[in-house]
Amino acid sequence: MSDILLEVKNLTTELGEGPGAVRAVDNVSFTIHKGETFALLGESGCGKSMTALSIMRLLPKPAGNITTGEIRLAGQDLLHLPEMAMRGIRGGKIGMIFQEPMTSLNPVLTVGRQIGESLQLHKGLSGKALTDRVRELLDAVGIPDSARRMNEYPHQLSGGMKQRVMIAMALAGEPELLIADEPTTALDVTIQAQVLELLQKLQQDTGMAMLLITHDLGVVANMVDRLGVMYAGEIVETACREDFFAAPQHPYSQKLFQSLPDMNKRDQALTQIPGTVPPLSERFSHCRFAERCDFAWAHCRDHIPAWTELDKERGVRCFLHQDDIEKPVKDAGQRANTRIPASHTGDTLLNVKSLKMHFPIHKGVFRRVAGYVYAVDDVDLSIAEGETLALVGESGCGKTTVGKAILQLLRPTSGGVDFAGTELTQLKGEALRQRRSDFQIIFQDPFSSMNPRMRVGEIIEEGMVAQGVGENAQERQRLISEMLEKVGLRPEHIRRYPHEFSGGQRQRICVARALAVQPKLIVCDEPTSALDVSVQAQILNLLKQLQHDLGLAYLFITHNLSVVGYLADRVAVMYLGRVVEEGPVEEVLNNPQHPYTEALISAVPQVDESTKREVIRLEGDLPSPSAPPQGCHFHPRCPKAMAQCKQSYPDKTRLDDRHWVKCHLSG
Amino acid sequence: MKPVFLTTDILIFLLVGIVVAFALYARNKPQIRESWRDVLRSKMGMGSLVVLLAFVTVGLLDSLHFREALPASEQQIEGEQHYSVEVLSVLDVVLGEMRTNVEKTYSAPFSAYLFTKETIELPGGGQAREYPRLAFGGIHLSDPATETSSDILSRLVLALVQAVVLVLLISLLLKLWLSLRHPDDASYSYSAIWRGKTELPWHVALYTLAVILFLIAAVYNLGTAYHILGTDKIGQDVLYQAIKSIRTGLMIGTLTTLVMLPFAVMLGIMAGYFQGLVDDVIQYIYTTFSSIPGILLIAAAVLMVDVYIANNPDAFETSVERADIKLLFLCIILGVASWMGLCRMLRGESFKLRELDYVQAAQAFGVSNRLIMTRHILPNVMHIVLIAVVLDFSGLVLAEAVLSYIGVGVDPSMNSWGNMINRARLEMARDPMVWWSLLGAFIFMFALVLAANLFSDAVRDAFDPRLRKRT
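So the sequences go chain by chain: X and V. Take any residue in the first sequence, note its place counting from 1, add 2, and you have its number in this note's numbering. Take any residue in the second sequence, note its place counting from 1, add 720, and you have its number in this note's numbering.
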């Protein structure tokens, strides 16, 4: 067909050499038509970024090698172009934006220079024409006051702005194809919504094609025309969006959908994909997913499934769809998910009263206090035994600080933290140390939360020794083994080191470590946001099961609203150091009263077409917590702001006895 | 014979003890063991380690001191034993005649004659000015002019044969040991080891060892018959002096670190971990220290020790002990003057580590600060300490040379490369020039510092997480 822009055929990319080489991309083929958006969807390590880098011929050298395959851009063979010509293609015909806007810009050059560089190279512009074009581009990506902004340095811009600048740079060469590698993963939901909308608008205006690389089903649902699902270096399914979301064909795709948490799955365990992705250094002689697949039968474990075209534009790599294969009579079918009944909620365990956490800003030679960062400003919370309170907000709103202040890892500036009758802020030294077994924390990053030089047993034992749990070493060893089994690991893991485990397993160890001192409250600080969807489901199931068995209370800090819907009993929404709305999870998520809550919920990309709603677009970024806006903190971004909002901060308005909001609209 | 324990001897064997203890501890820590295997896996690391071990062996042999018993004299009371005032080391015994073969004054390398003309009584009466024969060097030759080169050559061939036989013997032992350790691995065959097919580059170790053994055999065969590197002004063998200087260099390089480490590690980690007031105080201490010129500090301290020694001559039994106490103080003051750099680095790293989740988790468990620092921070900054120590070593060896050169280094009676270079200053000004003292000191210092630098590169590659290839 003539409108094919990019054609990738049997691409195989290896990292390393010899028999131990990692085949990061294995025999991948797909095509992208002009003006179309194609997504590569998959979990971390499945080879989607490597595919993009192969197309750009930017593989890490000397390890990366394209061993076989063909990449054609508008008929031109990219793999056989000399490096000189390839440089013209990069940035010229193909633009690329990366995941991390913070590190993709050079901090010592102005934004205008960096965009201009690409214009000089690919368009040969200079002088006034150059500055005009830079301004045009900045305008096009929606950066206000472009004349001023182009002379600013990257650190003066916020994360969302930087990603816009990156997009402007990618657009400078007027590419025919834009490769976007997880363009919104590092951004908050409201900013993500802005960037996705921008990308869609630009695509309509310029008619370029886009290769979107993502792990987020929600982003795919909103953006793409066609997509390919990657697993362990292979494309296992391609389809156009409507077909895919109506009926995913490959068992892996189906599992991905089922493992997404949401409110409707509250009372049951999430579907989890057992096991882990096989190492890509293996040379496969069977279906790669067979080990983790519910449908797999003997045939799957001995043969490699062939690519099956179901109809035009749709194909799948699975024996279930291969006609010439005899399928087992018994369909493995869906295993019913175990039900996890909600845990019993008891008396109030934790009561936080007007908690304030102000960090002084020091300036000058004598380090005088020149102001404060109002990280947490007057927060009230309460959690009952066996209850889950979710604390939701964008990055920088102070939710992690609240968690740490409750645990007394940071001593609050003022306010009270009452834990089961004890005022924690008054406790000092040994007295506080002894109470610490009652409240524990699980961190976001399972990689940095364990000392890499200690064995798993030692890591878990440390807290037990400090809290005097278990009388002697043998007793503790027994408890540790028990704990590991409880979180789904094996007792022999005691002697291993953290780096021998995958992300999900590490997070289990962290859970075991916290549980080992028998806490009543666990602060979960984004425990699943560094994990893939299928692994996230495992951890969420584990947390829910443990809550039911042990009657734990959770303070669940997250920005992910679908997780909140699945796990939490009550939600508190934070904006710039203050809680703006709090209430039972069904009410807050289904009937949000604060405009910010509303915007937050609407910005979450929805997988399900039927529940799609109008995205409420928030202007700008989160203001700095060192200089919060006058009046209601949210008014500069609020679509419903009134004159009154600029004057005073709204008081608490009770909607019923459990749901309240701080907004003049409800007042 | 009466053993003499110099302070530095005790300290250096203490250090060896610490290293051995650490090695035993590290055997059970797969991560540390793996990093060290990485060091050995690099050919450069293996080769330089063998050279360093050769130097350390010489240094340790030179650190076992004793005083010889004097033969009983007539005035001696029955049962009382007198000892020589001269303190010898095991190395002196090994080197044997190289120490005692003292000429009158300068002689060139491998020469059989003195370097200066003297008036000689002719056998038939009358006098002549000519270069006299040496008392020891080349004494076995009847006509040095024609016989020297062939004699040297035949001795070198003998040395080569000895070295080859020894290396083959050692490689056989190595093969035996390796196959005992890996009984079911057939890849540890004799030829595989020599062709470098094994996991660790044993062949590099063997080749390096072969070169070292050849040099030792050559010294063994030639050293007593000739002065390989000539003699100095008072007729002492230059090679002997250069070999004796190895101990001084090693002492300065290692003991200084021993002095410096507790300061740097404790203060650095405390500053980074506690922050606030503790950090401010420690920062002020080291910024103040680092603004004093190091040379000034060292000169002042060395002069103080000199005065102390001059005022208390009875406190030391022998001149060697006097020189030794001066060496120790030099190490201490060098250590005090050089802990700031490492301290600053460790402060920064601990600053970063204390914010990591696992430190916060430990705090959440109520683990005490002392335990957090020793269990979580210290092991995770050890790679920095190790890299700094190995890198500093070569710098300190060079610093000794510079300090002795300007006269505030070790005692002039002590053999050291710095002292040799200092004396060579005048020798270089002579005409004809006496160049071999300088060359001797230079060759040895160069070999040690190069080996130390290559080794520290290998250590850094293996331990620095940013440079590590494998996770």
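Possibly wrong hints are sitting among the right ones.
16 Å max Cα-Cα, derived EDC-like pairs, lysine to aspartate or glutamate [to be verified]:
hint, chain 1, residue 1, chain 2, residue 2
1, V, K722, V, E788
2, V, K837, V, E850
3, X, K11, X, E72
4, V, K749, X, E502
5, X, K125, X, E176
6, V, K749, X, E460
Bear in mind the hints are in silico, worked out from the structure with no lab data behind them.
Do the hints match the structure? See the list:
Using a Cα cut-off of 16 Å, the hinted pair K722/V and E788/V holds, with the two alpha carbons roughly 6 Å apart. In summary, the hint linking K837/V to E850/V is supported, as the alpha carbons are separated by about 5 Å, within the 16 Å threshold. Distance restraint check for K11/X and E72/X: the Cα-Cα separation of roughly 5 Å lies within the 16 Å cut-off, and the hinted pair is therefore satisfied. The suggested pairing of K749/V with E502/X holds, with an alpha-carbon distance near 14 Å, which does not exceed 16 Å.
Distance hint between K125/X and E176/X is fulfilled; the C-alpha atoms sit about 9 Å from each other, no more than 16 Å. For the hint linking K749/V to E460/X, the alpha-carbon distance of about 13 Å falls within 16 Å, and the restraint holds.
The structure shown violates none of the earlier numbered hints.
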